[in-house]
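Number of protein chains: 2
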Amino acid sequence: STTSSSGGSKPTLLFRQFFEKDSSTYTYLLADVGHPDRPALLVDPVDKTVDRDLALVKDLGLKLIYAINTHVHADHVTGTGLLKGKTPGVKSIISKASNSKADCFVEHGDTINFGNLFLEVRSTPGHTLGCVTYVTGDGPNLPQPRMAFTGDALLIRGCGRTDFQVPFNYDIPPARILSIQAVVFKDFKFTRWIFTLPKDTLVYPAHDYKGFTVSTVGEEMLYNPRLTKDEEGFKNIMQNLNLPYPKMIDIAVPANMVCGLQDVTEKASVVAS
Amino acid sequence: STTSSSGGSKPTLLFRQFFEKDSSTYTYLLADVGHPDRPALLVDPVDKTVDRDLALVKDLGLKLIYAINTHVHADHVTGTGLLKGKTPGVKSIISKASNSKADCFVEHGDTINFGNLFLEVRSTPGHTLGCVTYVTGDGPNLPQPRMAFTGDALLIRGCGRTDFQVPFNYDIPPARILSIQAVVFKDFKFTRWIFTLPKDTLVYPAHDYKGFTVSTVGEEMLYNPRLTKDEEGFKNIMQNLNLPYPKMIDIAVPANMVCGLQDVTEKASVVAS
Ligand SMILES: [Fe+2]
Ligand SMILES: [Fe+2]
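Those sequence lines, one after another, are chains P and A.
As numbered in the numbering used here, residues 2 to 274 make up the first sequence, in order.
As numbered in the numbering used here, residues 2 to 274 make up the second sequence, in order.
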């Protein structure tokens, strides 16, 4: 849905949220329908639902230009590679800090332009060191309230686990994991940057396991049981979750390290070499 | 999210969409946060997720006044009865044509007021004879585009099955079902009333099985494979779906005929008497 605009201009953002049941993943479609090309991007596409996403892109007369990930996912295979194969011209985007493969790399402070609209990139480490949050910009034709796509850095009333520092600790000894986690806990303050956004900013996470679809910065500042803690409190919670080994990690991580390109020109095994 | 308003006034609608995975049901929360009481209503609540819904109502400081159903569901037990038990003062609402039990009955043309906002009630038979669509009104403080809660009368690129005319043909001979279906197909034109709404009206269905969360009237007018047909075409599609017996129907229908009150003061068996 389009929301009201800042600065009196008419917002031209078309926005859709999609859900993938098996991994409880949300994918987001954003497009500038005020621009003649109707350029669009997908945030956190899933391999299984690429055809659904592309069917809607076609129905709405959009031109997909970017497939973007918030981080290297460990619970599902990204749809990025399939999207590139099925829609020539689509460029994949991920953070430089993710250490994985893509067409374009972004870092804190960058912007991603589509038509006359743009997303801002913010580093929000925690779940992984390479996690970023994409936030709709503040400017003409952009919606108010703003929208933050937080990946697993901030989930509704929660956040992603920190014990699998994909890709750094995937396939490496547990001792090394602990040293990476130490950096994560130290850098946790950057994730709390989300809380400096206006309180009415809409929070759209990469997952929800209870059926919530959206929250706001103000709500999470009050009720998020993890991110409202200080560094020590956060660390205590995250180190005592005793979570099982992620069931998809051995398939998802090698594939996602090459942005799901396994189905296009590359094999997932490339990453192992 | 709040959307832009009609008539230049500021929209005061707080809106949330929830998903229940087992039955792929969407529940909707609407509240007038411009009114001092912050009165709220839930559309199509599910029994399993009542505690989640009430937790958010509490977090957001809302006062739940109505639990509303679009129709007698055959695939899940409504949360209405539990909501009434847990939140004194909540009134249940369903259509008069549904032939089931509730505190208030509505029919085509009625309005449901909450604070200074209101929903319009429209008869949209097809999936069941008692199906209604609730549409946000057109007036001060109400959002633009408008929002239509279509139940199973209009699903994204589809519609609910017509072979179980709950409650009429539940437990009755197949011959009688066919005569009720004849009425449904004749009355199908009323469901197409949805297509007289402005094209940018947001369509929020009771279910989606592919992970879509919203559509628009304009989109469905172009791409809905069932509701774009004439009466004869619609009938041909709906009579040849060969769907299995709904797995939850024997539990859901008796419970929903008393608006899920089975857990409060009544037993589901009342309906059998
Ligand atoms: Fe993740
Ligand atoms: Fe139904």
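No lab work stands behind these hints: they were computed from the structure.
A few of these clues could be false.
Copies of the same chain look alike in the list, so a pair counts if it fits in one copy or across any two.
[Said to hold, decoys possible] Each computed DMTMM-like pair below joins lysine to aspartate or glutamate, with the alpha-carbon atoms no more than 20 Å apart:
1) K59 - E108
2) K59 - E220
3) K200 - D139
4) K92 - D38
5) K211 - D251
6) K248 - D188
7) K22 - D111
8) K87 - E220
9) K97 - D139
10) K102 - D251
On a predicted model such as this, the values are computed, not experimentally measured, just so you know.
Would you list, in rising numerical order, the hints stated earlier that this structure does not obey? 1, 5, 6, 7, 8, 9
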